[in-house]
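Read top to bottom, the protein sequences are chains A and B. For the first sequence, my numbering gives the first residue as 1, with consecutive numbering after it. For the second sequence, my numbering gives the first residue as 1001, with consecutive numbering after it.
It is worth saying that the hints were derived from the structure and are not from the lab. One thing to keep in mind: the hints can contain errors.
Here are a few chain B residues that face chain A, going by a calculated C-beta distance under 8 Å [unchecked claim]:
# : residue
1 : Asp1058
2 : Arg1074
3 : Ala1237
Footprint (simulated), chain B over chain A, 3 or more residues, beta carbon under 8 Å [as the list claims (entries may be wrong)]:
# : stretch
4 : 8-19
5 : 145-158
6 : 284-295
For glycine and all other residues, C-beta sits at the position ideal for the given N, C-alpha and C.
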Amino acid sequence: MRGLQTLAWRTLRARPLRSSLTALGVALGVAVLTASLATSAGIDAAIDRTVADVVGRADLRVAAFLDRGLSPAALDVIRSSSGVALAAPAVERRTFLRAPIGSGPFDPVTVLGIDPAIDAQVHDLVLAEGAGLSRLGERVALITERLAASDGYQLGAELTVQGAGAPVTVRVVGIIAGGGPFVGSGGRTVVVPIDVAQEAFASDGVSRADLVLAPGHTAAEVVADLDARLTSEPFVISSPRDIAESLQASTADVQSTTALVSVIALFVGAFLIFNTLSMTVSERAREVGLLRAAGAARSQVLGLVLTGAIAIGGIGSLLGVVAGLGLARAMAIYVGSLRGFPAEPLAPGPLPTLVAFVIGLLVTVAAALEPAIRASGISPVEGLRARLDLEPARRAQLRWLIAVFVLIAVAGLLTWPAAAGTNGAGRALVVYGVLLLATLGVPLFVPFVVRLAGLPFAAVARLDERLARASLSRDRSRTALTVGALTIGLAMVVALGWSAQGAKAAASAWLADVIPGEEVVTSIRPVTPEEGVTEALVAVPGVHRVTPIATFDVASGGVRLDAAAVAGANLASDGRLNFIAGDRNQALAAIDVGGAVILAKPTATRLDLGLGDALPFTTSDGEHLSLVVVGIVEHSIPGRGGEAILVGWSEATSHFDVTGADFFAVRFDFGAAGTARPALEAKAREYALEPNPLERVQGSVTDALGRVYGLFDAIALIAVIVAALGIVNTLTMGVVERIRELGVLRAIGLSRRQASRMVVVEAGLLGIVGAVLGIATGLVVGFLMLILSGVPVGLAGIPWASILTAAVLGIAVSIAAAWWPARAASRVLIVRAMTAE
Amino acid sequence: MAPILEAHDLTKRYQLGETATDALRGVSLSVEPGEFVALMGPSGSGKSTLLQLLGGLDQPTSGQVILEGQDISRLSDDAATQLRRERTGYVFQAFNLIPLLNVRENVALPFTIAGVDPSRGEAATRIAEVIEVVELTGKERHRPDQLSAGEQQRVAVARALVTKPALLLADEPTGNLDYTTGTELLDAIWRSSDAFGQTTVLVTHDSKAAAYADRVLVIADGRITDEIVLGRRSDHAAGPLIARLAQVGL
């Protein structure tokens, strides 16, 4: 026997259920952490790959600010920059293909016009079939495999591109593999020579130019050169890193919340380890006393307990890493479907898995340290007594719990996803801190809540309830730790549910606040006034008002901002927008006149502007323009990256090169929506516009939010499962401790069923207590999460569904966890029980 | 020859909340090398407490315990651990064995704790020797749950003797055994004392067990009230002791 280590192994094997459940708890916590780290790493890698696909060998991308694109003169300036070796121009527009007779309608496509000779030096297009484009002027096209499959195209087929100019028919000569290296097109892309695209869209501008730098020149030099020389029209320069960062920013919220919930799952796992090892130490006190009497040093006893913990932690962490990699694949696919990233998940590198394994092991050892130190402090005399003195143990446990949770918080911060940023980390710390306080407060509330929770049971099973309560009171710290774990898991269910409810309500309210209509009719291209769409839609019987709205980018102080052109009078008569500064009627009238702008509150705060301040812009001609802030609203029309600055149509068309509306908000006559809607939608489709009721738009937004929060709920559920494992351990330990009591009860007539029921009632009490405390804690945490994310609590409403879910889940999980211990209790052999130590 | 063990005016007070209990009220004694001494008294007399102090398992409230010339009453935890490892062997009334270890492993426990490989050299020889002394040869691979109560206690005696301690302390070792089994155990303890000169202190409330001793110290109410010298006898007859106890009113 090699020292006492063999005893440690045998102790683990002698208690297979407890050891397995504890290892499983560690595994679940580590699995979630692994999945979170691997998903973040996978997302980062997917983003890098996406950017590499999109940007190719380009070092910089110069993009047009305005719809009309960069002019030929601007392109010449770019090409003539000394630091530019190659400039690959591209035209990118969204449009519809003319559907063959008897088929369609099909979804819109992205048309990408390129200079084949130059573009091939910067970008790679992997073809599945056919040949690539060879020169300008040819009426040929490449299409993606996905587009070919969905719309039924094949090599040699003809398709017709519809744009502002005359329709252009091209022949398919090649099919690009999969969805092609294009972001945001949904895999539906048509690639044509650039002059063909310019003909179709009746414009000689280009959407962007990808630049390859000349040797010895830096990006900074080229940027400075273009800033100095290209002053006639606004443009945006971005590097591959900039593009990657903007893609990462869109996943920040998912990554940060996933990281938080996974840290909490680990937190719950630590509870399980701590509780289990504390139980083991209490159970083995006499054995420890014997070892100490035989001359074992404190350090040897410490080593004995820690060896067991390291074994459990090692096995659990290894299992967790393997399970986590599988979970990561599922999460990557899910996140990819939400954000438009490549669906196939990338295999994470060894670092995330190693980090998760090490953290799992460290947390196990940290959680085991206090029980180990306590064991090593058992004197021979104390160990040989019937029971240990529990009070000093409880105080030490409290101190050590705090230390373990601080360690987990530090581990969480060290592995925090970079994309989530410090704000996300700050919010997570606040939530974590509240959960820690709730955990520390659980022992104060448990006795009272147990008594209350027992009332319904006492009414129908008085003996069971009294015995169950007595069992829970036998070791209050053990009960508190078990309940604490369940409390945290259920608190996250409630908090996330409330947070989701709030986010959905805020999103719906936002749209209802700002859109002046019940129907939204969208166009994939700007609809000019000359096309008469507004008039045609207003003419539909039952339509009260049609408001055209354009969304576009503006440059202010070198920064890109979202903007929207609106008819102020329409918004005024429709009662839209919640003004928090400025007079509604005056402000909306002012933007119609011109020289004025209305800001959303977040934008005003970010730019540090108030009523009456001037906001400077650079116009499409490169001139400077100042607009006065005449109103500040709670929310504005959603833009690409935030809330749009509102200007009048005259401003938009005169200074910002806006040519037409991107969507129309339609208000029906009172009570006429039912009859007018079908006619309106039919009319909209005649103009190749897509109509959607506002509720459907709100629904798709809330559905998307629901899917994101569904991911978090799944992870929170894992925390609840880990807590359930702790309940199994606690109840099993209770049965072992009470075996003589059970033997006596059985000897005097308690049936097997009654013995089993006693354990189930105990589990029910744990579940009710955990649910009550979990719901209360979850409401506090949810409240904080709403406040920190700026969602009004009143808007969110009480999360009754989440509360009910947590209550049912808490009790159901606890009673399910009682199955094995209840079975053990019912199978106690009376004779053996009476002679047990 | 100097005594191997001395106790000078030992007291032990237990504070339980607001009440204090004096388990020992000034006990002094000495034990010669190789002597077999029994501490006898009714339940609650302080005999187990005295044994714990003599063996270094606990510290007195006041007084001294001298073992082989060294004061062991105020040792640090490390030093007390070393004492228990090398110079004392302890047998308890119950729960003497580690359930997950077999007979040989339980007996070898002091060597294992000390980092000595019990499968080789002197350690292996000594283990086999003490197993033979307690007449358990052939049962080395048995686990405790495969042994009778008496056999378990004999294993505990073997473990206590394996390091040739200066002092063997036994606290009611026959308390859970029947008469025959208890006799077998006491025979084993006496054999080690007689054959190997093992100094032994035995706590018991049973006069038949105390009769194995060379000398019996009677404890009552935390004090030694009487001393009965029986001398080394191979028949262990309890008659003289019982008669003497009757004379002193016990």
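Open item on the list: Could you work out which of the previously given hints the structure breaks and list their numbers from low to high?
Closed with: Hints 2, 3 and 5 not satisfied by this model.
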